[in-house]
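Q: Following the hints, position chain A against chain E.
First to last, the protein sequences are chains E and A. Note that the UniProt record's numbering numbers the first sequence so that position 78 is 78, with each residue one more than the last. Note that the UniProt record's numbering numbers the second sequence so that position 208 is 208, with each residue one more than the last.
Hints may be right or wrong, so weigh each one.
[As the list claims (entries may be wrong)] As a list, the in silico DSSO-like pairs of lysine-lysine whose alpha-carbon atoms are at most 27 Å apart: (1) A/Lys176 / E/Lys66; (2) E/Lys12 / A/Lys28; (3) A/Lys28 / E/Lys30; (4) E/Lys112 / A/Lys176; (5) A/Lys66 / E/Lys40; (6) A/Lys112 / E/Lys176; (7) E/Lys28 / A/Lys66; (8) A/Lys28 / E/Lys66; (9) E/Lys112 / A/Lys28.
Worth flagging that the hints you see were computed from the coordinates, not collected in a lab. Quick caveat, the model's predicted, so the values are computed rather than measured.
2 protein chains.
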Amino acid sequence: MEQKNKTVSPTKRLRCIVKLGGAAITCKNKLETIDEENLKEVSSHLRQAFVPDSTSANVLGMDWSKRQGQSEAPSFINDFSDQPVADSESFVVVHGAGSFGHFQASKSGVHKGGLSRPLVKAGFVATRISVTSLNLEIVKALAREGIPSIGMSPFSCGWSTCQRNMTEADISMVIKAIDTGFVPVLHGDAVLDTLQECTILSGDVIIRHLAAELKPEFVVFLTDVLGVYDRPPVESGAVLIREIAVHEDGSWSVVKPKLEDTIEFTVASHDTTGGMVTKITEAAMIAKLGIDVYITKAGTDHSVKALSGILKGGIPDDWLGTAIRYMR
Amino acid sequence: MEQKNKTVSPTKRLRCIVKLGGAAITCKNKLETIDEENLKEVSSHLRQAFVPDSTSANVLGMDWSKRQGQSEAPSFINDFSDQPVADSESFVVVHGAGSFGHFQASKSGVHKGGLSRPLVKAGFVATRISVTSLNLEIVKALAREGIPSIGMSPFSCGWSTCQRNMTEADISMVIKAIDTGFVPVLHGDAVLDTLQECTILSGDVIIRHLAAELKPEFVVFLTDVLGVYDRPPVESGAVLIREIAVHEDGSWSVVKPKLEDTIEFTVASHDTTGGMVTKITEAAMIAKLGIDVYITKAGTDHSVKALSGILKGGIPDDWLGTAIRYMR
Chain E
1 MEQKNKTVSP
11 TKRLRCIVKL
21 GGAAITCKNK
31 LETIDEENLK
41 EVSSHLRQAF
51 VPDSTSANVL
61 GMDWSKRQGQ
71 SEAPSFINDF
81 SDQPVADSES
91 FVVVHGAGSF
101 GHFQASKSGV
111 HKGGLSRPLV
121 KAGFVATRIS
131 VTSLNLEIVK
141 ALAREGIPSI
151 GMSPFSCGWS
161 TCQRNMTEAD
171 ISMVIKAIDT
181 GFVPVLHGDA
191 VLDTLQECTI
201 LSGDVIIRHL
211 AAELKPEFVV
221 FLTDVLGVYD
231 RPPVESGAVL
241 IREIAVHEDG
251 SWSVVKPKLE
261 DTIEFTVASH
271 DTTGGMVTKI
281 TEAAMIAKLG
291 IDVYITKAGT
301 DHSVKALSGI
311 LKGGIPDDWL
321 GTAIRYMR
Chain A
1 MEQKNKTVSP
11 TKRLRCIVKL
21 GGAAITCKNK
31 LETIDEENLK
41 EVSSHLRQAF
51 VPDSTSANVL
61 GMDWSKRQGQ
71 SEAPSFINDF
81 SDQPVADSES
91 FVVVHGAGSF
101 GHFQASKSGV
111 HKGGLSRPLV
121 KAGFVATRIS
131 VTSLNLEIVK
141 ALAREGIPSI
151 GMSPFSCGWS
161 TCQRNMTEAD
171 ISMVIKAIDT
181 GFVPVLHGDA
191 VLDTLQECTI
201 LSGDVIIRHL
211 AAELKPEFVV
221 FLTDVLGVYD
231 RPPVESGAVL
241 IREIAVHEDG
251 SWSVVKPKLE
261 DTIEFTVASH
271 DTTGGMVTKI
281 TEAAMIAKLG
291 IDVYITKAGT
301 DHSVKALSGI
311 LKGGIPDDWL
321 GTAIRYMR
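Okay, chain E solo, but in the shape it has when bound (with noise of 0.2 Å):
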């Protein structure tokens, strides 16, 4: 992957990069549609791991929009004191579609490219107003909960690609919004591609880049479901992955638990699973460099411990979801 980077880095180490799954903050069945609850419970907990000596209590909104039904913006403004306050720990949040963009890509065909079909141009105008809207209402999630996000469009960053793989992706700006004490908020956006006009760059690809410019600590998957498992969860007897190894040739094995069977992750249930060996794949390759990858389940307690950090000393015993770390 051919990368026209600036090469600025960033001031002080990244403590994590958050991906947020579309499935986890999204009503997967209802176009459009966030599943509040879910979106309050994650945003509050990102705020607990990041933003030192925080309570739901003392938070300090940075949302000022006027809410509904309302006229005027929110009264908490005038409860700012204008002291100096610490920055909260540096970490960047991409999340995914779900529920928005997917519908206006795969109807228009967007990641096939061709923008002179009046279907595709259409498209990526609709897919980008979907995924932008969605964009904005995490950011709005994480300021009420005083956590100082600043939306960035992968577009308007000016990232691309070729052939559908990442070729520029200037990170420079992502770089200064950490360094100047924000949380950039990206997501899987559509791009202009130089050979077949224009694609979907996803947030997987996204975090893959940015774990491999930034290094942070470790990475947290925050999805619907506890972490992989060795065949659609729905199934009975299907077993959780608690932790995979990645080698040095790139090739990952289950750790734990010793299975007695191979496990065999099959393109059926590739499909079924949305994409659980892609999923693996990917937190392989951000594993390999010696970044620890936490896969868990959005809005519950074990997510609170991924995102703490904790697990980078071992995963204790009660923690469910799948670690995959790099073994020399």
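A: What follows is chain A alone, placed relative to chain E:
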């Protein structure tokens, strides 16, 4: 103004840059309220001016969002003919904030900088949430008229200032968007400042910069009054300035109407008319590049004429607005 820009030039000449004044598309005294009727009218006028052969009956809507009260995507999506269509003429939209953003920015003093103060940092986040909300609604309104609009935030584009003067403004992505047939929609934004940490970058400064770099055929400012008056338009006897000539040294004079008294734009008129002297000064800097500037009222026949470009051949007597042109 030192500029660090990539040297990318658009492959076709830009037809027009349109400024949508905040006062023209939002309700001035109602916090975060869009003037839906005006926005729809303005969007329709932009379609008529720049999308060839389009009528309100054959519009290919590009906002596929779920409509309020509906659970499905709009059905017109199935009507897309998949024949290549002529590109719309190239133009760029820059909008102001109106009743979005101003409250958040002034309450926190974002323009004065100082991100270590919690009020400023929160205000920065709150301002961006507010202006990007408005941007999304304008992009949607344009897309509903079949204009392939793409929201682009100056912050995400990596634009920044030094002591409130623009220093970094990489417009390569704006150019790429234009060249692939999209209509970039930019806005006044909260941005980083190398000296005072942060500030507000106004829509007018963005327009001046884009005009200098992209050399459009003409620039149109759509506002909530007919144009520039010799005194606050609410005062009795206020006279609409029809034509202003900009001279080689950057000074300007009123050409039409021929007024008996010398026109004096006092500081008082500046204050009460929303910065008319500032407006003329900004427009004069663009006109000095040889680019005609037309200021007129959004949603009127006069704005339709200005957007069509026919004023370049001469200003008809029945056109109401202010034309600002370079006179050699």
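Q: A separate judgement is required for each hint: does it hold in the structure or not?
A: Against the structure, the hints come out as follows:
{"no.": "1", "hint": "A/Lys176 / E/Lys66", "in the structure": "violated, 35 Å"}
{"no.": "2", "hint": "E/Lys12 / A/Lys28", "in the structure": "violated, 43 Å"}
{"no.": "3", "hint": "A/Lys28 / E/Lys30", "in the structure": "violated, 35 Å"}
{"no.": "4", "hint": "E/Lys112 / A/Lys176", "in the structure": "holds, 19 Å"}
{"no.": "5", "hint": "A/Lys66 / E/Lys40", "in the structure": "holds, 22 Å"}
{"no.": "6", "hint": "A/Lys112 / E/Lys176", "in the structure": "holds, 19 Å"}
{"no.": "7", "hint": "E/Lys28 / A/Lys66", "in the structure": "holds, 15 Å"}
{"no.": "8", "hint": "A/Lys28 / E/Lys66", "in the structure": "holds, 15 Å"}
{"no.": "9", "hint": "E/Lys112 / A/Lys28", "in the structure": "violated, 44 Å"}
The earlier numbered hints that this structure contradicts are 1, 2, 3, 9.
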